[in-house]
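K.L.:
Now for the letters of each chain:
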Amino acid sequence: MRRPATIRSLLLVDCGSVFTTAALVGLVDEQPRMLARAQRPTTSAPPIADIMVGARDTIAEIERVTGRPLLRDGQLVTPEQADGAGVDSLTLVTSVGGPLRIFAAGPGRDTLSALLFRSLAGLFSQIDPLPPLEGPPYDAQTLQAITHVRALAPHVFLVVGPAFGASRGLQSLDATAQTIRAWYQALREPARVDDPPITPPAIVFTGQPDDAAQMQEALQGSAPAVQVTQALSPSTLTPLNRAIGPIYEAAALRPVPGYERLRKLAATPPMAAITSLGGVACFLAQRYAMNVIVVDVGASSTVLAGATAQGEFVPGSQPAMGVGPGAGQLLRAVGAENIIRWLPFALDENSLREYVLQRMLRPHTLPGSSVELEIEHALAREAIRMALHAPGSRLTGLRPIDVALATGGVLANTPTPAHAALILLDTLQLQGITSLAQDSARIASLLGMAGVLAPEFAGHVAEIDALATPIGPVVTTSGAAPAGEVAVYATLEYGDGHKLAVEATQGALSRLPLGQGERALFSLQPHPDVDIGLGPGQPARATEPIEGGALGLVIDARGRPLPLAADRDERIAQAQAWRRALGAESQGVQSGQGGQR
Amino acid sequence: MSISALDYPHGRPMISSVAVRRRRMLPPGATPFVSLHEQVSPGQAVAELRADDGVMAALAGLAGRVVEVAPGDSVTIEGAATLINGILGVGGQVAGPLYFPQRGESLALVQLPRGSVIVYPGRAPLTLLQRAYASGAVGVIAASASALELEAFARADLTALLDGFTPLGAQSPLTVLLTEGLGDCQMSPPILRALEQRINDVILLDGQTEPRRNIRPEALLPLPLSATPTATPLPSAFTTGALARVTAGERRGVWGRINYIFTQAQRSPTDQWEPSALLRLDDGSTLVAPLALLDTIG
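Chains as they are written, first to last, in numbering that gives the first Met the number 0: chain H, 0 to 596; chain Z, 0 to 297.
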């Protein structure tokens, strides 16, 4: 499909691994707005095994809701017609084929790992070390390693040459070539008869030209051509990113049944969800000249897209950890105790494992009770924590976070905004004053891609519709006043002149009434040992009024890092008290009912 | 509105008659007993392995025709069968006669026939799995099981197994198929009836489960070659009149007929807005359930 000259309407499609979402944006009173949104299960596996079916169902639902014909004989009606039918263009965001799976090897892999992860952090990729391997016969341990790598179906073998100035390590390059040859042989010969065939991974080399030539020569005849790119250094992170990026579509997306037909509907190449979210984060950061983080916990992956006020993209992601099919990997990575600690009721490990396995076994299902919803939110907390500290993530250095936007299947679809707020407050290491918002329209992940085609159009929708539910400003303290003492004295001065003074106790969450659209001046006087972002004991007084949100103004005086009680019963009491304070209680859970599934 | 249930690769958990083609893997060193185009019956040995402790026969498990023989590797058979897909399974392909343990018998002491596939319509306790293994049974079809007990028995982390990381040294001692999945559930009545009608018949059981490719464990109850197979996949779209079953939450296992599909999202039990259907249950009561929590079963 060709790019249109002007945009009056866009159909945005996000084909995720579990659900396909579509949104129609168009002009309302000459302003770009979201007109409708629909979501249907992604149909990549049997019994349907064609992602076009799920995409068509999603678009048909938008046609039903709006009464606007969008598809005719399977083709997009484009451009927008005089009678209102069709749209000017369609954009596609997708993660349906899973992440690009990269196995890294080579003499520079470990010494340059920080640069390697930074270079690839903005891509939807999973990087694992390529285990050493020699030719057959294989022992049991080696067979297990082969099974493991086969299960991940690698797309790329990435060879990292020695660091600049380091010894060229000729022998080590030869050893790497030998390992790659052995892996090619092992992947060609299935360990079990029913193992599916594996497409041989591409080989990318990053390093000095001499080393590249040696690697090419060593692999000649036993592996496909080696793609060579510039050596990694702090100032040359982009070349590797640009070399790997295009492999994603060919290796991860094209094999998905129905992908080519869906791809043909789009005006521009598809974008991975993390890249699209990054676009939205950068737009909002530049628009408000603030540090922004967009948090999206999905069924299979978790993405944190940060952006500095200058518009620099600061990503952090866990491409194989989520609350659905990705819950198993998350559970293995963090352990049951770390998930259970977030629950406001007692739960045994067996019940947790059964829930996680249930979500893996039925990817399209949702929590069926309040207990299950709490478990899903506990998984989301750990998934965010893991993404925050993912290799290559620099998000812990993004300070202060001025705006945090909750989006995606878990965070944008909570029973109340308070549930999303508590998850963000529990996991992001906030400090000082942060505005929380919830993308209740669940459109943010679609807009970054739209921004490539029509930046102003998409930016306007992001500002109005993605930030449609302001949760409200939050003051987060660090340091600690003695238990039970006042951590912060807060005063609000409303527009009509009346004042409200509140004492926020150490260890507690407090809400001050300040509704959406309502504005007030505030002042904060912390305890001498408490820091609200300006230094211990330093007071703050706003010169401009702040606007409230669904939760009013929240003071989180629990301290950082979050002091979770060691004793189980105390921890449950804490979790219940924090939920009560924000109004995030789930029916049937607070009383302890349903704790054992 | 068109939304389909996607949990089963053929659209439904049970199909009364399907055409199947299955490769029967032979144990290393086994000699095939059958030749190309030969008709085989389910209880017929298709290969034999002579070992120090006796002769081991690999049963066909299906009634049908041999369409491929790969000596030392496999025998492929085409036939017709009633297909039962479970939600979770462990272990490889096995064949054996169906056996229902006597009700009231202590599972710790019960004698189970060697080479049989045990059917247990409730939550299978670890004792049953251990007893089945000790007795020389080849498989168990149960409604459900505890996650930790099944992991202990299979000596594997099930989350890793489902992600495709099969530790080669940790194969399940016998094949297990759970029709309803983990937790505490009873077997759905139509599946139980289908199994009860085939007591002592040799069936083919496979525990392989890969949710990402929607590969589910299966039990194939052989049918005569003359049986008329149904085209698959069967429609699994939620439509008015379809039979549906709740798959999660407090009403898990309840089933009824879809009376109405709401055009607008409804509040779910977790207070979220979800596309939903109104079910009329057996006892005449109604239930509003999110489509994401339903399977079509008929």
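Calculated from the structure, these hints are not laboratory results.
Each residue gets a CB set at the ideal place from its N, CA and C atoms; glycine is no exception.
It is possible that some hints are incorrect.
With the Cβ distance kept under 8 Å, some of the chain H side facing chain Z (calculated, not the full set) [stated by the list, open to error]:
(1) SER171
(2) ASP173
(3) GLN328
(4) LEU330
(5) ARG331
(6) ALA335
(7) ASN337
(8) ILE339
(9) GLU353
(10) GLN357
(11) MET359
(12) LEU360
(13) PRO362
(14) HIS363
(15) SER368
(16) ASN412
With the C-beta cut set under 8 Å, the calculated list includes, among others, these residues of chain Z facing chain H [what the hints assert, rightly or not]:
(17) GLY10
(18) LEU87
(19) THR165
(20) ARG212
(21) SER225
(22) GLY248
(23) ARG251
(24) GLY252
(25) VAL253
K.L.:
If a hint holds in the structure, say so; if it doesn't, say that too.
P.N.:
Checked hints:
Taken as an interface hint, H:SER171 does not check out: its beta carbon lies about 29 Å from the nearest beta carbon of chain Z, beyond 8 Å. Taken as an interface hint, H:ASP173 does not check out: its beta carbon lies about 30 Å from the nearest beta carbon of chain Z, beyond 8 Å. For the restraint placing H:GLN328 at the interface with chain Z, the shortest Cβ-Cβ distance is roughly 6 Å, inside the 8 Å limit, so the hint holds. Checking H:LEU330 against chain Z by beta carbon gives a least distance of about 6 Å; that is within 8 Å, so the hint holds.
At its closest, the beta carbon of H:ARG331 sits 6 Å from a beta carbon of chain Z; the interface hint therefore holds under the 8 Å criterion. Here the hint on H:ALA335 is broken, as its CB sits about 10 Å from the closest CB of chain Z, past 8 Å. Contact between H:ASN337 and chain Z, as hinted, is not supported at the beta carbon level, the nearest pair being about 15 Å apart and thus beyond 8 Å. Given the 8 Å rule on beta carbons, the hint for H:ILE339 is violated: about 14 Å separates it from the nearest Cβ of chain Z.
Taking 8 Å as the C-beta contact cut-off toward chain Z, the hint placing H:GLU353 at the interface holds, the least distance being around 4 Å. Taken as an interface hint, H:GLN357 checks out: its beta carbon lies about 6 Å from the nearest beta carbon of chain Z, inside 8 Å. Contact between H:MET359 and chain Z, as hinted, is supported at the beta carbon level, the nearest pair being about 5 Å apart and thus within 8 Å. Taking 8 Å as the C-beta contact cut-off toward chain Z, the hint placing H:LEU360 at the interface holds, the least distance being around 5 Å.
A distance limit of 8 Å between C-beta atoms decides the matter here; for H:PRO362 the minimum to chain Z is near 6 Å, and the interface restraint holds. Interface restraint check: H:HIS363 against chain Z, minimum CB-CB distance 6 Å, threshold 8 Å, status holds. The restraint placing H:SER368 at the interface with chain Z holds, with a minimum CB-CB distance near 4 Å, inside the 8 Å limit. This hint holds: H:ASN412 has a C-beta 5 Å from the nearest C-beta of chain Z, less than the 8 Å allowed.
For Z:GLY10, the suggested interface contact is upheld, since its CB lies about 4 Å from the closest CB of chain H, less than 8 Å. At a threshold of 8 Å, the smallest CB-CB gap from Z:LEU87 to chain H is about 6 Å, leaving the interface hint in force. Given hint, Z:THR165 at the interface with chain H, holds; its Cβ is 6 Å from that chain's nearest Cβ, closer than 8 Å. Checking Z:ARG212 against chain H by beta carbon gives a least distance of about 6 Å; that is within 8 Å, so the hint holds.
Residue-level restraint check for Z:SER225 is violated (minimum Cβ-Cβ distance to chain H is 27 Å; threshold 8 Å). For the restraint placing Z:GLY248 at the interface with chain H, the shortest Cβ-Cβ distance is roughly 2 Å, inside the 8 Å limit, so the hint holds. For Z:ARG251, the interface hint holds, the least distance from its beta-carbon to any beta-carbon of chain H being 7 Å, beneath 8 Å. The beta carbon of Z:GLY252 is not positioned within 8 Å of any beta carbon in chain H (closest approach about 11 Å), and the interface hint is therefore violated.
Restraint check, Z:VAL253 versus chain H: the minimum CB separation of about 11 Å is more than 8 Å; hint violated.
Hint compliance for this structure: hints 1, 2, 6, 7, 8, 21, 24, 25 are broken, all remaining hints hold.
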